[in-house]
Amino acid sequence: MAWSNLGPRAEQQPWHYRHAARWLRVHPEAAGPDVKLNHRALYKEAREKINVGPVIGIPSKVWRRIQPKGLDNRLKDLNWLCLLRCLPVREIMHRHGLARSPVCPRPDCKNEETIRHVMWDCPFARGAWSRVEGWLGQSFPGLKMTWDGIERGSGPGGFWAMFPVWLAVSLLKRNLWLARQDVVKNKCCSSIRGTVEKVKADMKGRMERDILKWGQHAALERWKGGLGLVG
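In UniProt numbering, the protein residues as written are 1 to 231.
Note that these hints are calculated values from the structure, not bench results.
Hints may contain errors.
Stated by the list, open to error - Simulated restraints on C-beta separations:
hint : residue 1 : residue 2 : range
1    : Tyr17     : Lys224    : 42 to 48 Å
2    : Arg95     : Ala218    : 46 to 52 Å
3    : Ile58     : Tyr17     : 24 to 30 Å
4    : Leu81     : His27     : 44 to 50 Å
5    : Leu81     : Trp23     : 39 to 45 Å
6    : Lys61     : Gly228    : 27 to 33 Å
All figures in this text were calculated on a predicted structure; none of them were measured in a lab.
Note that the Cβ used here is the ideal one computed from N, Cα and C, for glycine as well.
Could you put the whole structure together from the sequences, leaning on the hints where they help?
Written out as structure tokens, the structure is:
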């Protein structure tokens, strides 16, 4: 069978599924309730029987939390790459002989650059998360940013299940990564305030588009009153 890039390889139907479907159309008496021709249903049943998630080592509930409905595909991809430890940070590249040093590229930081460092431990990232926590805390009192929260969408209070919170988290992760790329490529260090303002501007634009599409009442209900950006 020739593979295509139209979908995941694991979910493309092998040739014998087509053959089985043709055979069952000719012999309908053999099509009992246990016959499985839906490839996705077959994989789902197999995973449920052996109790594993879509990716080994990552529970299904975590996988679903980091890709909520309505999130951009690019943001989903970034969340997946963070969770799977697949972003090309210096620690990984140095380990594979692709970088001279595993140290963070920021001039005021000399720690090893891991994915957690870029997204959380670096002083630049900590300052950005502190600002976002203060901003979102006005609409979600009690919200505390933690590494488990921004990586896996888990934490106390049930805030991580709310779409505006996870969208803001995902946007800041993207802007932290873009700011890191700017340091590596152009030796240009963005400000913490500018990075956070980009997140706010992006969310404000999304809210305004929703207001035009759904009306102000419905849009502000989804966005929890506008998060102080629109009213």
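Non-conforming hints, listed in increasing numerical order
Violated hints: none at all, because every hint is consistent with the structure.
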